Amino acid sequence: MKVSLFITCLADVFYPKVGMNVVEVLRSYGVEVDFPQDQTCCGQPAFNSGYHKEARESARQLIKAFADSPMVVTPSGSCASMIRHYYPDLFKDEPEWKEKAIELADKTYEFSEFLVHVLKVEDIEAKFPAHATYHHSCHMSRGLGLKGEPIKLLGQVEDLEMEDLPYCNDCCGFGGTFAAKMSDISEKMVDEKIKNIESTGADVLIGSDMGCLMNIGGRLRRLGKEVRMMHVAEVLAEGGQK
Amino acid sequence: MSAHPLIFNERVDKALADPILKKALPLTQDRLRGGRINAAEQLGNVEEWRELASQIRSHTIANLDSYLEELVTNVRKNGGHVHFAATSDDAVEIITGIVKEKNAKSVVKSKSMVSEEVHINKHLEDMGIKVVESDLGEYIIQLANETPSHLIAPAIHKTREQVREMFSKVAGRQLSDETTELTAFAREKLRQEFLQADIGISGCNFAVAESGSVVLVSNEGNARLTTTVPKVHIAMMGMERIVPTWNELDMVVSMLTRSATGQKISVYVTGINSPRQSEDSDGPEEFHLVILDNGRSNILGTAYQEALNCIRCGACLNVCPVYRHIGGHAYGGVYSGPIGAVLTPLLGGYEEWLELPYASSLCGACSEACPVKIPLHDLLIEHRKDEVEMGLTPFSEKMAFKGFSFATSHPSVYETAVKLAHSGMGFLAKDGVISKGPGMLGGWTDVRDLPQPAKQSFREWWKKEGKGRNQ
Numbered sequence: 001m002k003v004s005l006f007i008t009c010l011a012d013v014f015y016p017k018v019g020m021n022v023v024e025v026l027r028s029y030g031v032e033v034d035f036p037q038d039q040t041c042c043g044q045p046a047f048n049s050g051y052h053k054e055a056r057e058s059a060r061q062l063i064k065a066f067a068d069s070p071m072v073v074t075p076s077g078s079c080a081s082m083i084r085h086y087y088p089d090l091f092k093d094e095p096e097w098k099e100k101a102i103e104l105a106d107k108t109y110e111f112s113e114f115l116v117h118v119l120k121v122e123d124i125e126a127k128f129p130a131h132a133t134y135h136h137s138c139h140m141s142r143g144l145g146l147k148g149e150p151i152k153l154l155g156q157v158e159d160l161e162m163e164d165l166p167y168c169n170d171c172c173g174f175g176g177t178f179a180a181k182m183s184d185i186s187e188k189m190v191d192e193k194i195k196n197i198e199s200t201g202a203d204v205l206i207g208s209d210m211g212c213l214m215n216i217g218g219r220l221r222r223l224g225k226e227v228r229m230m231h232v233a234e235v236l237a238e239g240g241q242k
Numbered sequence: 243m244s245a246h247p248l249i250f251n252e253r254v255d256k257a258l259a260d261p262i263l264k265k266a267l268p269l270t271q272d273r274l275r276g277g278r279i280n281a282a283e284q285l286g287n288v289e290e291w292r293e294l295a296s297q298i299r300s301h302t303i304a305n306l307d308s309y310l311e312e313l314v315t316n317v318r319k320n321g322g323h324v325h326f327a328a329t330s331d332d333a334v335e336i337i338t339g340i341v342k343e344k345n346a347k348s349v350v351k352s353k354s355m356v357s358e359e360v361h362i363n364k365h366l367e368d369m370g371i372k373v374v375e376s377d378l379g380e381y382i383i384q385l386a387n388e389t390p391s392h393l394i395a396p397a398i399h400k401t402r403e404q405v406r407e408m409f410s411k412v413a414g415r416q417l418s419d420e421t422t423e424l425t426a427f428a429r430e431k432l433r434q435e436f437l438q439a440d441i442g443i444s445g446c447n448f449a450v451a452e453s454g455s456v457v458l459v460s461n462e463g464n465a466r467l468t469t470t471v472p473k474v475h476i477a478m479m480g481m482e483r484i485v486p487t488w489n490e491l492d493m494v495v496s497m498l499t500r501s502a503t504g505q506k507i508s509v510y511v512t513g514i515n516s517p518r519q520s521e522d523s524d525g526p527e528e529f530h531l532v533i534l535d536n537g538r539s540n541i542l543g544t545a546y547q548e549a550l551n552c553i554r555c556g557a558c559l560n561v562c563p564v565y566r567h568i569g570g571h572a573y574g575g576v577y578s579g580p581i582g583a584v585l586t587p588l589l590g591g592y593e594e595w596l597e598l599p600y601a602s603s604l605c606g607a608c609s610e611a612c613p614v615k616i617p618l619h620d621l622l623i624e625h626r627k628d629e630v631e632m633g634l635t636p637f638s639e640k641m642a643f644k645g646f647s648f649a650t651s652h653p654s655v656y657e658t659a660v661k662l663a664h665s666g667m668g669f670l671a672k673d674g675v676i677s678k679g680p681g682m683l684g685g686w687t688d689v690r691d692l693p694q695p696a697k698q699s700f701r702e703w704w705k706k707e708g709k710g711r712n713q
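Taken in sequence, the protein lines are chains A and B. Position one of the first sequence corresponds to residue 1 (this note's numbering), numbered consecutively onward. Position one of the second sequence corresponds to residue 243 (this note's numbering), numbered consecutively onward.
Treat the hints as calculated values from the structure; they're not laboratory data. Since no wrong hints were added, every one of them can be taken at face value.
Which bits of chain A does chain B cover? Going by a derived footprint, with three or more residues having C-beta under 8 angstroms, they are:
#, stretch
1, 32–45
2, 58–67
3, 134–146
4, 184–190
5, 219–230
Sample of chain A residues with no beta-carbon within 10 angstroms of chain B, all distances over it, derived:
#, residue
6, MET71
7, PRO88
8, LYS100
9, ILE102
10, HIS117
11, VAL121
12, LYS127
13, GLU238
14, GLY240
DEER-style ranges, computed between Cβ atoms:
#, chain 1, residue 1, chain 2, residue 2, range
15, A, GLU32, B, ASP673, 34 to 42 angstroms
16, B, PHE648, A, GLY224, 37 to 45 angstroms
17, A, HIS117, B, LYS319, 55 to 63 angstroms
18, B, VAL509, A, GLU99, 53 to 61 angstroms
All figures in this text were calculated on a predicted structure; none of them were measured in a lab. All C-beta atoms in this analysis are idealised placements derived from N, C-alpha and C, irrespective of residue type, glycine included.
Construct all of the structure, not just a fragment, from the sequences and the given hints.
Okay, here's the thing in structure tokens:
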């Protein structure tokens, strides 16, 4: 099986290890991974800010970059949701591009989604002794409807003790440019999220969107608190998947 | 729409610094959230209900002209008077006209957001008319001289202690914190007001076109007294609050109460068909229906048309994490929360309401909770798009996204930018962390640290090492 990795701009620049771990886990299942170098960003920052003309150019580039890929896997629920839900609509006035957008939308998978629904992984062989909780990012859980998938994977990791996160449906306050534009509101949201994370007693917060983890982790660091942020792929890879 | 004294940021700052809001609001929000979830679980197939409710509302709005005509014909046939108000001012003129004609001295009201929208209380009070709100929550905020901060729980921002103090002042004696004592006092006080009022003003949860009826959903019985005791009843409705027949009413009222409070049905659902008939033992001598446009018809046929599907249940407010922290007043308009952020700029214009569409992290909780499936967070993005296209966004932001678009559509430029990110931001970083960033980054670093871009990006790693390991 061949897939292309869509790294996402955040992971490319800030969290390359997440990408390396995704590659490692996929390869451990015999998946052949390639990385089209012409990929950039999905365009969501521009799209969510209302700059749709600008977002369309980013989208066009991504569609071109993955034109020859049989499947695309990305370690972000948010970016996958952008492609799946908003790309076809972005090109509603350009039928030819709309068709290509739908094609990309149909072959793009979020990391956990790919493992559970395409690879049908039932045999995680990882061991990661930690006390952890999981952050359900909004675009992953609501946008893509993926809630059980990462939990199912993490549930198979040996010695990983998972706690339920109270108010897990509430946004962490990231929201892309929202975090910078409305930073005072965002601050209250992330502080409430942190209060809930702390109530679980977890040492590790696992997620599927590095944007949220950058927000929560950045606030925790500012407050001098120590909870480790990890992507699902990092847990599986560090846990020595196969 | 509203002559609010503060600008958006100041209103937010004020709300965030309010310890009472912080204490009072999440408690009630949690209770309402829980109620809706339980009600949805009881239904079992809530998604089918939402779909059906959405179809009913969309169909009604798409055929609003003919249903309005049917409604008006039937109200008049039943002996009621119908008035169309194109604007807020028109509505005020119509209502103050009736009040003058009847030589009325006092008005009792049951809860109505449309009456808040046109600020009818202030206009009546300016004429020397005594106005009393009879819904408990509305009565509380009237005493506090405030506006509602929630669609269905207008005093959600108030604590029991505050209510005790206000009621004690009116009572002239110290009341206790007991709910029964506080409500008993309000009941006793309001009963006098009902009996002496010349005119009753109510809202209208739904008007039924086929029979020309106004339907009111309430829990306190005050809506029934408001609409039966005074000699004149004026009902105010937004022009979109209509259902074709009683069959659809059944569906939407059920969704309204389940989504609002989690009740299967409210304590009272009142259908008013006409003024008092000869065989009736009570009821008003005159019935007036004021149908308000006030910008709504401009929404028809636009990308925002689904916003008119709203049944004012408040579910979007109850799940909104932004509303949770800033409360209703910070939004500045009559309608708050996600639906307020969508509706207020439509009714009042971007000039005054530029920031509202940005008061959301686009988490989508609102769209998920909406019983009539309004894509609220998508409509907020639509607003942002319109603001961009109208040239209302800051120059620096426009330039930033032009640059973003250029870089992301030119892979070589993008690659260079990624390569330079680590060293380029190096002067800001200490121990791999940026604590004070310039420009837009400043908003981020005011609250949290930002990691320094990695020394080696993923794409560099891939070129050097990652690729080779494949086979």
